[in-house]
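Taking the hints into account, I'd like the entire structure generated from these sequences.
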Amino acid sequence: MNFPNFSPVGNAAISVQFGNVIAPEINRRIRQVMEYIVNQQDDAIIELVPTYCALLIQYNPLVYSYDEMCAYLTRACENFTTSDSSEFVSVVHIPTCYGGEYGMDIEFVAEHNHLTIDDVVSIHSGVDYLVYMLGFIPGFTYLGGLDPRLETPRLSTPRTLIPAGSVGIAGNQTGTYPSDSPGGWQIIGRTPIVMYDMNRDIPSTVNAGDYVRYVPISSDEFRYIENHRRDYTVEVLQHKVGDIRGNY
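Under my numbering, the first residue of the sequence shown is numbered 1, with each subsequent residue one higher.
No wet-lab data here; the hints were simulated from the structure.
Mixed in with the good hints there might be a few duds.
To be verified - For each label pair, taking beta carbons as the anchor points, the in silico distance ranges come out as:
(1) Q32 <-> R200: 18 to 28 Å
(2) V49 <-> Q238: 23 to 33 Å
(3) V38 <-> D197: 17 to 27 Å
(4) D201 <-> F6: 31 to 41 Å
To be verified - Straight-line Cα separation of at most 20 Å, SDA-like style, residue types lysine to any residue; simulated pairs:
(5) K240 <-> Q32
(6) K240 <-> R31
(7) K240 <-> E25
(8) K240 <-> D43
Even glycine gets a Cβ: it sits at the ideal position worked out from N, Cα and C.
Now the structure itself:
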């Protein structure tokens with residue numbers, strides 16, 4: 001299959017497929033196409049929904065036909081530029097308490113991968129994870145870059161309640177639950193910060209295109225931050241793409 005590939009979704013949306021693997025260069029292209037479309041300030045474009053490998057565009061069919069949208073998006077896709085190692089990106093530091101009452105599955109993850117718990121913490125916190133997209137609930141982060149040594153299957157039976165802030169692993173993915181939710185990921189830790197708040201001007205602490213760095217903290221530090229959330233400022237640093245930790 002040649003990429004990008006266009007396909008209709010009903011009579012008022014189109015999906016643009018950019019590839020079939022989870023890769024930072026594909027995500028970069030999706031974000032650049034989104035930026036191009038947003039900059040056009042076209043009222044006929046109703047919504048943009050990025051995924052790992054595709055972009056869904058909802059549009060007004062009274063303004064554009066499907067063929068016209070294909071032509072529109074072809075022009076948008078031509079504006080792709082390759083990455084520059086000197087480009088700066090946002091790295092959001094997420095304080096995380098691993099194991100114990102906050103990471104009930106960390107022992108299983110360690111045993112499954114023939115590692116110690118300290119190994120799991122060191123490996124997991126040693127990578128800067130690209131935020132590919134947000135879903136399945138508002139603010140849930142789908143991150144790329146999990147070290148293969150930590151890959152662990154989902155729970156055979158999902159839990160009915162995963163506490164907000166829980167950090168989990170499922171297959172070759174990792175991410176953070178922004179609110180209390182059912183879920184089947186292996187929980188290895190928890191952050192005390194609020195990951196999503198609809199009352200904020202920007203509800204999500206992290207957004208697609210950012211990088212997440214999990215920073216290990218003690219249980220005492222967890223409780224301190226939890227009790228002083230109003231005064232706590234999430235650290236966001238600017239790093240060059242070439243200095244990002246991990247295989248990017």
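Hints, verified against the model:
1. Q32 <-> R200: 18 to 28 Å: Distance hint for Q32, R200 holds at roughly 27 Å.
2. V49 <-> Q238: 23 to 33 Å: For Q238 against V49, whose Cβ atoms are near 27 Å apart, the range 23 to 33 Å holds.
3. V38 <-> D197: 17 to 27 Å: holds (24 Å)
4. D201 <-> F6: 31 to 41 Å: holds (35 Å)
5. K240 <-> Q32: holds (18 Å)
6. K240 <-> R31: It holds: about 18 Å lies between the C-alpha atoms, which stays within 20 Å.
7. K240 <-> E25: This hinted pair holds, its Cα atoms lying about 16 Å apart.
8. K240 <-> D43: violated (34 Å)
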